[in-house]
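Spelled out from the first residue to the last, the chains are:
Number of protein chains: 2
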Amino acid sequence: MTTDVNGSVRNGVDTAALFATLDAVKAAPPAAAFQFRAENQWVSGTHSRGTINGFFGAGEERAHERTFQFDADHPAVLVGQDNGPTPAEFVLHALAACLTAGLANIAAARGIRLTEVRSTVTGDIDLNGILGLDPRVRNGYQRIAVRFTVKGDAPAAKLRELVEQSRARSAVYDVLTGQVPVDIEVTTD
Amino acid sequence: MTTDVNGSVRNGVDTAALFATLDAVKAAPPAAAFQFRAENQWVSGTHSRGTINGFFGAGEERAHERTFQFDADHPAVLVGQDNGPTPAEFVLHALAACLTAGLANIAAARGIRLTEVRSTVTGDIDLNGILGLDPRVRNGYQRIAVRFTVKGDAPAAKLRELVEQSRARSAVYDVLTGQVPVDIEVTTD
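Line by line, the protein sequences are chains A and B.
Terminal number for the first sequence in my numbering: 266, no gaps in between.
Terminal number for the second sequence in my numbering: 266, no gaps in between.
Pulled out of the complex, with its shape left as it was, chain A reads as follows (with noise of 0.2 Å):
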């Protein structure tokens, strides 16, 4: 729990914190330079086990205050035993709490205090793609859609605007809408 001490505290953001740690980017850019990374060990058939604990950033080697472990698998319609979400499904809850997380800070940095966010997110995927049984199909998402209920001491206007900046800011929105380099490297021994 985050202790008032100064007011500063909206919607359970630190705005003072906030500010602080634009102002100490703004003074020395390449703080903002961080690595994010998941580990990954397969278990069996189309199920893994990711793990995710180090970090850089801020100029320094970090990790978070415990170890997180999610499986990941296949239901059985797709050959798998169901022990976690497809890989896919994860990119659907990485999208929504990218945007609920800077809408929380938007809206905190713009005095709206907010009462409730929700959203549903629906990826569309035609599985022709990654089957290998149509080359017109792409492997990934043909459509996703987002749809949020946003409530708050703020008109209609200035929710939606809250929204559409964070939107505008979303680090998983950019790479899902632009294109991001990916290599792979693969050691055998």
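Be careful, since some hints might not be right.
Calculated cross-link-like contacts (lysine to aspartate or glutamate; reagent style EDC-like; alpha-carbon spacing at most 20 Å) [to be verified]:
| hint | chain 1 | residue 1 | chain 2 | residue 2 |
| --- | --- | --- | --- | --- |
| 1 | A | Lys228 | B | Glu116 |
| 2 | A | Lys103 | B | Asp211 |
| 3 | B | Lys228 | B | Glu238 |
Distance ranges between label pairs, derived from CB positions [to be verified]:
| hint | chain 1 | residue 1 | chain 2 | residue 2 | range |
| --- | --- | --- | --- | --- | --- |
| 4 | B | Pro212 | A | Lys235 | 22 to 30 Å |
| 5 | B | Gln146 | A | Ala97 | 27 to 35 Å |
| 6 | A | Asp201 | B | Arg213 | 56 to 64 Å |
| 7 | B | Lys228 | A | Asp260 | 15 to 23 Å |
| 8 | A | Arg213 | B | Ala101 | 15 to 23 Å |
| 9 | A | Gln219 | B | Asp148 | 49 to 57 Å |
| 10 | B | Ala94 | A | Gln219 | 20 to 28 Å |
| 11 | A | Pro212 | B | Asp148 | 38 to 46 Å |
Pulled a few chain B residues facing chain A out of the computed Cβ check, cut under 8 Å [said to hold, decoys possible]:
| hint | residue |
| --- | --- |
| 12 | Gly84 |
| 13 | Ser85 |
| 14 | Val90 |
| 15 | Phe113 |
| 16 | Ser121 |
| 17 | Thr123 |
| 18 | Arg220 |
| 19 | Ala222 |
| 20 | Ser247 |
| 21 | Leu253 |
| 22 | Glu262 |
If you're looking for bench data, these hints aren't it; they were derived computationally from the structure.
Beta carbons: idealized from backbone N, C-alpha and C, even for Gly.
Start from chain A and add chain B according to the hints.
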């Protein structure tokens, strides 16, 4: 645990079921239309909780065997409470899991027994983008690197080909290196 009554299970993949699924979709391509979903509820600050359960596929509404929930947050250095990984880290986890699931399926189909598959995914991001401090910097990852270790009963060249084929058929690799239309709707009442 999959019981291998007919010797068709390899790497934990029931290859008979895998080929039967391919044949079923070949016979009825619309069965390959899937929709995955994630729900998200804002908790406080940058902390939100995602829920994954229902999906549509193979012609009907379905659900995972259990409901999966995942917290996402920012670490303290990014003005959060570290209640979960960052949304951007979930994307790296999804990529590793997708490439790994594909690799196990492809190896099974090709008759290769895997003994170990591990990977590390790193994503470099310059937060001057999402902080709005430099318009030349993108919001998302500037580059992603995947380092695989793959071991099994095949020559190194064959093991490398598994990774290459998995990349060529990966849903998550596709959405990161391609572009997905993302539509956002907002309700405020």
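So, going through the hints one by one against the coordinates:
| no. | hint | result |
| --- | --- | --- |
| 1 | A:Lys228 / B:Glu116 | holds (17 Å) |
| 2 | A:Lys103 / B:Asp211 | holds (9 Å) |
| 3 | B:Lys228 / B:Glu238 | holds (12 Å) |
| 4 | B:Pro212 / A:Lys235: 22 to 30 Å | holds (24 Å) |
| 5 | B:Gln146 / A:Ala97: 27 to 35 Å | holds (32 Å) |
| 6 | A:Asp201 / B:Arg213: 56 to 64 Å | violated (33 Å) |
| 7 | B:Lys228 / A:Asp260: 15 to 23 Å | holds (21 Å) |
| 8 | A:Arg213 / B:Ala101: 15 to 23 Å | holds (20 Å) |
| 9 | A:Gln219 / B:Asp148: 49 to 57 Å | violated (29 Å) |
| 10 | B:Ala94 / A:Gln219: 20 to 28 Å | holds (26 Å) |
| 11 | A:Pro212 / B:Asp148: 38 to 46 Å | holds (39 Å) |
| 12 | Gly84 | violated (16 Å) |
| 13 | Ser85 | violated (11 Å) |
| 14 | Val90 | holds (5 Å) |
| 15 | Phe113 | holds (5 Å) |
| 16 | Ser121 | holds (3 Å) |
| 17 | Thr123 | holds (4 Å) |
| 18 | Arg220 | holds (5 Å) |
| 19 | Ala222 | holds (5 Å) |
| 20 | Ser247 | holds (6 Å) |
| 21 | Leu253 | holds (5 Å) |
| 22 | Glu262 | holds (5 Å) |
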